[in-house]
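The sequence shown maps to residues -20 to -1, 1 to 87 in mature numbering (1 follows the signal peptide of the UniProt record, and there is no 0).
Take these hints with a grain of salt, some might be off.
Said to hold, decoys possible - Simulated restraints on C-beta separations:
id : residue 1 : residue 2 : range
1  : 13        : -8        : 24 to 34 Å
2  : 30        : -4        : 45 to 55 Å
3  : 2         : -20       : 29 to 39 Å
4  : -8        : 30        : 53 to 63 Å
5  : 15        : -12       : 35 to 45 Å
6  : 6         : 29        : 30 to 40 Å
7  : -10       : 13        : 29 to 39 Å
8  : -12       : 27        : 54 to 64 Å
Keep in mind the hints are simulated off the structure, nothing from the lab. Just so it is clear, CB atoms sit at the ideal spot from N, CA and C, and this is done for glycine as well.
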Amino acid sequence: MNKLLLSFLVISVVLAVCCALRERREVRQDSNRQKRSIRDMVRREARRLDLSRREFARRDLTRRELFRRDLSRRDLTRQARRLGANDYQAVHAQFHEDEGAFAVCLN
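With the hints as constraints, model all of the structure from the sequences given.
Here it is, written out as structure tokens:
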């Protein structure tokens, strides 16, 4: 009886750990998918406006023009830091909450 209870406990702990790891991996994959999506949208918009990525980054564009889904402020800031990291030294995001705009500024 005790061995049966112990084996049930071990199996339930292993399943709980596996489920937690799987959920963590799915969250990470979703996050990576969002990052790629944002980067692609920014590149398409820059191409549509016939701007280089540097020029595009200097302009203020409304959040609605850039992003079609609801992303948190932290995600936008993190993504803006990664945009064009190969092209220029430091990029940071600044929200203009009163205007509802998202600005990418160069340092």
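Inset, instruction - Could you tell me whether the CB distance from residue 15 to residue -12 stays inside 35 to 45 Å? - result: Cβ of residue 15 to Cβ of residue -12: about 40 Å, so the range 35 to 45 Å holds.
Legend entry - Beta-carbon spacing of residue 30 to residue -4 - inside the hinted bounds 45 to 55 Å or not: Given about 52 Å between the Cβ atoms, the range holds.
Inset, instruction - Confirm or reject the claim that residue -10 and residue 13 have a C-beta distance inside 29 to 39 Å. - result: holds (33 Å)
Legend entry - residue 2 versus residue -20 beta-carbon gap, inside 29 to 39 Å or not: holds (32 Å)
Inset, instruction - Starting from the range 54 to 64 Å, see whether the pair residue -12 and residue 27 falls in it by beta-carbon distance. - result: holds (57 Å)
Inset, instruction - Take a look at whether the Cβ-Cβ distance between residue 6 and residue 29 falls inside 30 to 40 Å. - result: holds (35 Å)
Inset, instruction - Note whether the CB distance of residue -8 and residue 30 lies within 53 to 63 Å or breaks it. - result: For residue -8 and residue 30 the Cβ distance comes to about 58 Å; the hint holds.
Legend entry - CB-CB spacing for residue -8 and residue 13 relative to the 24 to 34 Å hint: holds (31 Å)
Of the numbered hints given earlier, the model fails none.
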